[in-house]
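Since chain A is already given, all that's left is putting chain B on it; use the hints.
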Amino acid sequence: MNSKTSNNIATGVIYFLVACVLAILVFLLGYILITGIPHVSWHFLTSAAQSFAAGGGIRDQLFNSMYLLVLTLIISFPIALGSGIYLSEYAPDNWVTGVIRTAVEVLSSLPSVVVGLFGFLLFVVNFHMGFSILAGAIALTFFNLPLLTRSIEESLQDVSELQREAGLSLGLSRWKTITGIVLPAALPGILTGIILSAGRVFGEAAALIYTAGQSAPTVNYGDWNPMDSASFLNFMRPAETLAVHIWKVNTEGVTPDAAAISSGASAVLIVVILLFNLLARMLGRWLYKRMTATK
Amino acid sequence: MPKIITSKDVHLSYGPKEALHGISLDFEEHDITALIGPSGCGKSTYLRCLNRMNDLIKGVKITGSMKLEDQDIYAPGTDIVDLRKRVGMVFQQPNPFPFSVYENVAYGLRLAGEKDKHVLDERVETSLKQAAIWDEVKDHLYENALSFSGGQQQRICVARVLAVQPEVVLLDEPTSALDPISSAKIEDTLMNIRDQYTIIIVTHNMQQASRISDKTAFLLNGDLVEFSKTEKMFIHPDDEKTSDYLNGKFG
Chain A
0 MNSKTSNNIA TGVIYFLVAC VLAILVFLLG YILITGIPHV SWHFLTSAAQ
50 SFAAGGGIRD QLFNSMYLLV LTLIISFPIA LGSGIYLSEY APDNWVTGVI
100 RTAVEVLSSL PSVVVGLFGF LLFVVNFHMG FSILAGAIAL TFFNLPLLTR
150 SIEESLQDVS ELQREAGLSL GLSRWKTITG IVLPAALPGI LTGIILSAGR
200 VFGEAAALIY TAGQSAPTVN YGDWNPMDSA SFLNFMRPAE TLAVHIWKVN
250 TEGVTPDAAA ISSGASAVLI VVILLFNLLA RMLGRWLYKR MTATK
Chain B
0 MPKIITSKDV HLSYGPKEAL HGISLDFEEH DITALIGPSG CGKSTYLRCL
50 NRMNDLIKGV KITGSMKLED QDIYAPGTDI VDLRKRVGMV FQQPNPFPFS
100 VYENVAYGLR LAGEKDKHVL DERVETSLKQ AAIWDEVKDH LYENALSFSG
150 GQQQRICVAR VLAVQPEVVL LDEPTSALDP ISSAKIEDTL MNIRDQYTII
200 IVTHNMQQAS RISDKTAFLL NGDLVEFSKT EKMFIHPDDE KTSDYLNGKF
250 G
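Protein chains in written order, with numbering that gives the first Met the number 0: chain A, 0 to 294; chain B, 0 to 250.
Since the hints were derived computationally from the structure, they do not count as laboratory data.
Some hints could be false.
Unchecked claim - Stretch-level coverage of chain A by chain B, calculated; a stretch enters the list once three of its residues show a Cβ under 8 Å from a Cβ in chain B:
{"id": "1", "region": "161-172"}
{"id": "2", "region": "175-189"}
Unchecked claim - Straight line, CA to CA, 25 Å or less: simulated PhoX-like cross-link-like pairs of lysine-lysine:
{"id": "3", "chain 1": "B", "residue 1": "K116", "chain 2": "A", "residue 2": "K175"}
{"id": "4", "chain 1": "B", "residue 1": "K7", "chain 2": "B", "residue 2": "K60"}
{"id": "5", "chain 1": "B", "residue 1": "K7", "chain 2": "B", "residue 2": "K57"}
{"id": "6", "chain 1": "A", "residue 1": "K288", "chain 2": "B", "residue 2": "K116"}
{"id": "7", "chain 1": "B", "residue 1": "K84", "chain 2": "A", "residue 2": "K175"}
{"id": "8", "chain 1": "B", "residue 1": "K114", "chain 2": "A", "residue 2": "K175"}
{"id": "9", "chain 1": "A", "residue 1": "K175", "chain 2": "B", "residue 2": "K57"}
{"id": "10", "chain 1": "A", "residue 1": "K288", "chain 2": "B", "residue 2": "K114"}
{"id": "11", "chain 1": "B", "residue 1": "K240", "chain 2": "B", "residue 2": "K228"}
{"id": "12", "chain 1": "A", "residue 1": "K288", "chain 2": "B", "residue 2": "K137"}
Said to hold, decoys possible - Away from chain A, derived, C-beta distances all over 12 Å, residues of chain B:
{"id": "13", "residue": "P15"}
{"id": "14", "residue": "Q91"}
{"id": "15", "residue": "N220"}
Yeah, the Cβ is synthetic: ideal placement off N, Cα and C, and Gly gets one too.
Chain A on its own, in the form it takes in the complex (with noise of 0.2 Å):
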């Protein structure tokens, strides 16, 4: 076989596969959308769920998954950049630093079932939590921090030392010059983990069904006092997400129309976290033009 045939076959091979990573997608991809978006109305998004009679919407569970991702990233996004900075700037290279990276690794091929559980035990029983939208968040930092800080940490080394030595010689500190300069240019590649992790989080659900709960009880979207036990920004109430009630009321719903609104549910789903990607990358691209040619 001649290089140019050999070339020819190694092309052809790798456009079939890539063909088949697309073909499922696509399929995927049409089979929740054509199947689910004839289920979603506007009543379908803006009323709450039944439990026992058909037309019930899915109001509660959308705003929950929204709610849970912005505490999640409110509490994971601070320790993962500070880990993150700590990796990849000040950490020697020594075993100390190779456990820390270990750790961070198996933190997350964790299953999220043992970490529900876990989160279950620790938060929801023993800190007397309850099921609450906060142990869930903290629940899904476990699985958020080893994704972001990794992220993080790899963005930030992808900075040319190049601007490192031109910040230090330029008389700034250590700190200013991470802050200042390595920050901003790293900030493409922060905000792809960021929307990476969210993508998780608003899909995971077995983590969820034991910390967040499986109850969406009607909250009071006017009132803005979180500490307020019916606000909806009461952090302390149960939360079912998106994703555990397409779980519910697959497995234990008795609702009359549960395929509707499992695959109603399923489509608005992926509808969101293509909005909050699309809108994380507009918002990265301004917030890195604002940093970086100013005006």
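Just chain B now, kept in the frame of chain A:
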């Protein structure tokens, strides 16, 4: 002329390997001094000792004395941040920040606490003019510095260093990544600022050294072979090795 930097018997080793074997060099105020020598002779290593950039490399050990005026550069109490404000550096690869031209030049000042817009504007303009790049960027001050050519980027980097008004400017082969025309512009820039700054430049290019420098130091394998007025060194070198190197017999 008063000496601004004095160094005596500087040894530097990376782990077990010694790269500088005791170098003593003094630099006079407002001089341009060129450090020349073949690759690996230690000229960049020596240069990076002067603003303690070698501190960033693990396992580096430096002995001997280095003084900026009467302040010991390697004394335990030395404020490195302050030292680097007084001794600025331009690198081999142009490395502007991924910000606008204006921000690049104003950045050091801004972080040092300068907030007055007039002062910043004025200093940005002066620095860009000193670096002989003002005419090319004045209408593009708010564009990303990375969108300019390599030679322009390097002059923006020079302006960035000048903006913090150091006393000494170190240049580590600033033109080796540039084409001849851009290199000539960098040389013009250095001629422009020679009255206000002390300049120490590492270069591979002997013609460059002879064109711009007042004094030249020739280093070989971690030793200082010869240090004298540039004119003298290029016409009547004292050492055989210097003569061989300048005549292209090795290098």
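Go through the numbered hints given earlier and state which of them the structure violates, listing their numbers in rising order. 14
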